[in-house]
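Colleague: Take a look at the letters that make up each chain.
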Amino acid sequence: MYVEFLGIPRERAGISEMEVEAETLGEVLGELSARCPGLSDLITPDGLHPSLAANLNGDEFVRSLDTRLAEGDRLLILSADAGG
Amino acid sequence: MPFGYHGCYLRIDVGSGKGQRVPLSDDVLRQYIGGSGLGARLLLDENDSRPHFPDPLSPDAPLIFAFSPLVGSPLTTSAKFAVVSTSPLTGRFNDSLASSGFAIAGKQCGCDAIVIVGRARALSVLIIDNGDVRLEPADDVRGDACAVTEDKLRARLGANYRIASIGPAGERGVLYATISHDGRHAGRGGSGAVLGSKNIKAIAVRGTHRCDWARPQELTALSRDLSKRSFGPATAKYRELGTATNLLTFNRFGTLPTRNFQSGTFEDAERISPEELTTAHARTRASCVACTIGCEHIYSLGNKGVRLEYESLFALGSLCGVGDGDAVLRASQRCDELGIDTISTGGTIAFAMECVERGLLDEPWLTFGSGDAMLKAIELIGAREGLGQLLAEGSRRAADTIGQGSIAFAPQVKGLEIPGYEPRGLQTMALGFAVGARGADHNRSGAYDVDFSDKVDRRNATLESVRHAIDSEDKAALMDSLILCKFLRRVFEDFHTEAAGMLRAVTGWDVTADELRDTAQRIVAAKRQVNLLAGWTVEEDTLPERFLNTPLPNDPEASLSRELLHELVAEYHRQRGW
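Line by line, the protein sequences give chains A and B. If you read the first sequence in this note's numbering, its first letter stands for residue 1, the second for the next number, and so on. If you read the second sequence in this note's numbering, its first letter stands for residue 1, the second for the next number, and so on.
Excised from the complex, chain A in its bound form (with noise of 0.2 Å):
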């Protein structure tokens, strides 16, 4: 599967998409914090920080770490706070 970053994340990683194998959101978390040194402070055990929200394919908002992912899904990294 696929990460996509927009706005901070983007700019926290330095990239805008990486591939990554990984079966839940919460094991995509991991790679990230692992892979991205600049995004590790915006991912902790519970999560995503509060400021980033995760979307899969454009549809779906999803938070819980056991959430399922298939492959060729992509995961959508952005600011909460879309707006403004």
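Heads up, some of the hints might be wrong.
Quick partial rundown of chain A residues pointing at chain B, CB under 10 Å, derived from the structure [stated by the list, open to error]:
#1 E4
#2 L6
#3 P50
#4 A53
#5 N55
#6 D59
#7 A80
#8 A82
Rather than coming from a laboratory, the hints here were simulated on the basis of the structure. Quick caveat, the model's predicted, so the values are computed rather than measured. Glycine is no exception: its CB is placed at the ideal position from the N, C-alpha and C atoms.
Using the hints, position chain B against chain A.
Modeller: Then chain B, alone, in the frame of chain A:
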């Protein structure tokens, strides 16, 4: 009189050039706080003896600058003021907010609001010096851009004056002209046209009247804590990238209004994104007075800087199909100089472009994607020349003139052009747009926050969406009355409790979070009362035909039926008790 207030407003008839202080009761101040709330109350009081509101551009129509109890306090982002009137663009309630030193200096004139009525005999500068009022000729700043006017008047009057002014568009009565101060604009709804109709080019204020705080030590501690939190992750987006970074996010979600809302994705979004603009234009940051966030991102263009927000970027970029970053920056700069609202400017031009595309308007040069055409249209609007006469009236009136069913795709609600949120893909926001007292606006309903969360399905609104839309509208009304910047909204863990604490420290009132929830509803109801007296009917609480029953072309799942929207609006009214 409570702490934090002067307990009066200054009522000025610019026809006679005289001002008088009018007392404000403690009850009114506590019930409406300040800013938008106090402005709405004063607007109703000004029209108390009339069955209907006067034409917004008539001398009788009041224009109100309302301050707040928090202005002048050390609370971050509190240096803000509201400009309240009926709107010449919509004929309905209008409150537009701006920031910086004018708020502090205006309140230091010894008043909680300034109410302006009448019409000066010639174009004038209204000067309020510690509460003393006089008019001076404005011939030397006639036709000048807002920033130039401020520079000239400070040179004439003294550097300690703070000045709010209109640009050439306000002088010429463009219906979405702004009032500008220190580079910021009270932008929406045409308050600049109202000031222009009173023959006032600028208002210059200075004063020495300071308010005492009820609990200074507690206020200082609260302010320090809030400032500290305002440096954290909750405001990082605004501080580090600015709102313009929304562009690529909205494009990714298919909710970036493009070519007059004919699409939710723009193929040139990357080209005009702040990430790309920064490669060709140096970017610096600035902040309003008394703000620790520093959200303003200023791009170099020639030897000048251009403030660029998401709303300007979408309206003058994707909405007009313009993928040329230089053209977008130049257009934003010209809107600032002329003193016109970028959202209404872009929305009206995009509407005209679609009319040309459909053969309804014989202006073949005005095509989607042409930065030159957009810039030409902006100049015509500012000068009210040629096609600009029509476009200066906004998209709804332009559609009324063009006819042929064009009102179906005029991008407006109650006459106010829709901001950069595609309603079909953000349906809680769609409801917020439909019911907004001043028309479609993202600052009076932040319901998009809910759409970008796991609380709702953004493409399938339900009756549950109504509660979220009401909560968002109430919260915005409260923030606009306290006044605090909405970019702080995610800093608060419990906004109402924290806001009550701030008000207690400033005023000494025993105000609670629950009282503030009631206050917010009262303020929203006051805005509605203005609209009722101005002729509002429930049929106005809707969206243009384009958005109803026709799916978003780039996202067939994003569809909003007329029946559902009407059901949501009816439920909104029911829950409001209206």
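Colleague: Would you mind marking each hint as holding or not holding in the structure?
Modeller: Status of the hints after comparison with the structure:
no. : hint : result
1   : E4   : holds (7 Å)
2   : L6   : holds (5 Å)
3   : P50  : holds (7 Å)
4   : A53  : holds (6 Å)
5   : N55  : holds (8 Å)
6   : D59  : holds (8 Å)
7   : A80  : holds (7 Å)
8   : A82  : holds (4 Å)
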